[in-house]
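J.: Taken in order, these protein sequences are the chains called A and B.
Taking the numbering used here, the leading residue of the first sequence gets 90, the next gets one more, and so forth.
Taking the numbering used here, the leading residue of the second sequence gets 90, the next gets one more, and so forth.
A couple of the hints might just be wrong.
Chain copies aren't distinguished; within one or between two, either way the pair holds.
Derived lysine-lysine pairs resembling BS3-like cross-links, with alpha carbons at most 25 Å apart [to be verified]:
#, residue 1, residue 2
1, Lys302, Lys442
2, Lys117, Lys144
3, Lys316, Lys302
4, Lys316, Lys462
In case anyone wonders, no lab produced these hints; they're calculated from the structure.
These numbers come from a predicted model, not from an experiment.
2 protein chains.
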Amino acid sequence: MALIVHKYGGTSMGSTERIGLVAKRVAKWARAGHQMVVVPSAMSGETNRLLALAKELAPQRQTKAYARELDMLASTGEQASVALLAIALQAEGMDAVSYTGWQVPIKTDSSFTKARIESIDDARVRADLAAGRVVIITGFQGIDADGNITTLGRGGSDTSAVAVAAAMKADECLIYTDVDGVYTTDPRVVAEARRLNTISFEEMLEMASLGSKVLQTRSVEFAGKYKVPVRVLSSFTPWDIDLQEEAASGTLITIEENVNMEQAVVSGIAFNRDEAKISLLGVPDTPGIAFKILSSVSAANIDVDMIIQNLSKDGKTDFSFTVHRNDYARALDVLQEQVAPALGASEVIGDPKICKVSIVGIGMRSHAGVASKMFESLSAEGINIQMISTSEIKVSVVIDEKYMELAVRALHKAFDLDAEAA
Amino acid sequence: MALIVHKYGGTSMGSTERIGLVAKRVAKWARAGHQMVVVPSAMSGETNRLLALAKELAPQRQTKAYARELDMLASTGEQASVALLAIALQAEGMDAVSYTGWQVPIKTDSSFTKARIESIDDARVRADLAAGRVVIITGFQGIDADGNITTLGRGGSDTSAVAVAAAMKADECLIYTDVDGVYTTDPRVVAEARRLNTISFEEMLEMASLGSKVLQTRSVEFAGKYKVPVRVLSSFTPWDIDLQEEAASGTLITIEENVNMEQAVVSGIAFNRDEAKISLLGVPDTPGIAFKILSSVSAANIDVDMIIQNLSKDGKTDFSFTVHRNDYARALDVLQEQVAPALGASEVIGDPKICKVSIVGIGMRSHAGVASKMFESLSAEGINIQMISTSEIKVSVVIDEKYMELAVRALHKAFDLDAEAA
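Just chain A, with the same shape it has in the complex:
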């Protein structure tokens, strides 16, 4: 008998019919002898519906002032979900009880709309499990030290599920999603993309942060930090599929680095076309220059991703970075009107039509020449590399947006990830 956490997304909870199917699946696991904790999202569309009402009332977008009330509002979506799933399980003949974040309680800090979990008290949940009940807990939300309802931000239910699994030392946290696992790259771009049976936390973290949106990044960090085995699997298999088969499906995000039976140097290719590139040319190369540039950008509430500083020449240097494409125009303004005049930079140039392509793999640590193989492969396709950034298990390049699919396909093949090679 194991303690298992299931997480279901909004699509799985999208109608009473689908909620009924989730109940049947959970009941199957419970009847097999497992202690079951379930973390469902709000019914699909519900969170957007609620936030749209708030926007109608406060169109000025001063969302900061309303943040506490937005959390009060948005948290109702998950609360309705857990109650409905409990009713569905009871109708299925399974004893079940639902709890909100504050009832567990899941304690968070007071950063409304993007709170962080601080602690989870599992006493009440354990008592219910011991009494043979399925326990259903709201995702996405918690309670702060002053008794206010907080939410964890978009995708927060993944984090809630992993956090609950960590607090309870669950044997496994199963995240049921629209996809049937983690792929070597997006199958819509590369037909030969393969589902990975296992992936390490570090690789998953890089994949997630690089735009492979299977799991919320924070939930992966949590899983890695607390060593919670997380499995991403499809919510579209029939509910009455054999339990052993279901338990082995999808992709297991492992806590052990060396279980990667596939021995590939590179596990996957991630890409992201949401970024834009900005360069400051002819900046005097003096100490603290990077700080001066980035602090102005940061003060404008703009997040920076890749940062590159070229070698200095004649006491001048070029400084480039990428920002989210939505922040591009604003970042350009800040640099042109404030930073460039203050630093005496000769020119500010930018390009929103770029994309970032990355190879990710634990295997890179012990294999030399991975980066050069990447550059060679792109060069063979005639693709010019504009920026390069590396970490221990990742190499990212910025290239012209129009070459994105070509680059991903070429790298997928070059690193033996195509299905034929498996």
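Following the hints, put chain B in place on chain A, whose structure we already have.
T.: Leaving out everything else, chain B in the frame of chain A:
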């Protein structure tokens, strides 16, 4: 500066546009220097929408088993409402904060779906009021001793508002509704019906329990018990109506019996066509007979309203009572199959096509002949009286349903309630 509680129904909260108007009205009161607590209902239709989802999942109607989860579900409607109203007030430039029942906390017993309020801790609310904030509290719900969310049942937001007003010793509790006050009778039946400026709690209680559904009965009981001045007034006046004029509009339910300036013996005519009559004929007139009959009905979960036992004749008596029309067929079954054979009654007869018409008035206490004037007036219209029941401030009769409008109009005129007589 007064402490004022406003309660708004689901229609007033029915759209973001209407919520915006509620915010403007509340802001007007706050800017006039009053400390404001607001108790809004769920947006109209929302509670029904949520409960319909539950019914789809558990069509077997075993609502008892699901009661805890139904409260978890239904309470989200009011939670969304308070957050939206807080946002609307903030957008209006007014500092505001919303609380759920458990955050206040409003403590109740554990009777899910029909909980009763046990205590309210107003410390947190008082602190906010002192800091100049409008405080918005969810109606309809509370928290039990085990930390479960409870709801007070349909119309429970009226009770929440009055209970909050009682706990905080508010100067007045204003209930904004679809009607502009309490009338001498239903204006749809009697065109000459007049709005009462004041009505006593006891009269209001009789009117409410007799089917004049302006306020939930329990809220009136609460108001009487804790001596909270409650005003029923229209939510359809323009929000920017002069505050003094608004404050004097509607009907004040008074705690003092003698403020009735209108000096009428009868304050209003109530009626109810939701009942059905059942008679057990030729029952042996032995001690405990009423108990034996009514305990069987009660065991079938059927509420009985009026009860009449005729004088005994030859050791036999006739026993009649009324039930809700929805329970009529079931009650008839119980009597025919269980009670009549057991007691040796000669016959069970019933009539669902009846109605109950009542005259209500504090003035009856000191005026004799009120009942006989009622009977005379009905007799003059050729209306046969089937049952009679009296209390200190009320006389009710059961008559043929088809005479209902005629009876109400005749009594309204006979007791000088017509508008011309005012």
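J.: Measure nothing new, just compare the shortest in-copy and cross-copy C-alpha distances for Lys316 and Lys302 to 25 Å and report within, between, both or neither.
T.: Intra 21 Å, inter 59 Å, cutoff 25 Å: intra-copy only.
J.: With identical chains treated as interchangeable, where does the CA-CA distance between Lys316 and Lys462 reach 25 Å or less: within a copy, between copies, both, or neither?
T.: neither (33 Å within a copy, 84 Å between copies)
J.: Within a copy, between copies, both or neither: which one fits Lys302 and Lys442 at a CA-CA cutoff of 25 Å?
T.: Close inside one copy (21 Å), not across copies (65 Å); limit 25 Å.
J.: Regarding Lys117 and Lys144, is the shortest C-alpha distance of 25 Å or less found within a copy, between copies, in both, or in neither?
T.: For Lys117 and Lys144, the Cα distance is within 25 Å only across copies (23 Å; inside one copy 41 Å).
Comparing the model with each numbered hint stated earlier shows that hint 4 is the single one that does not hold.
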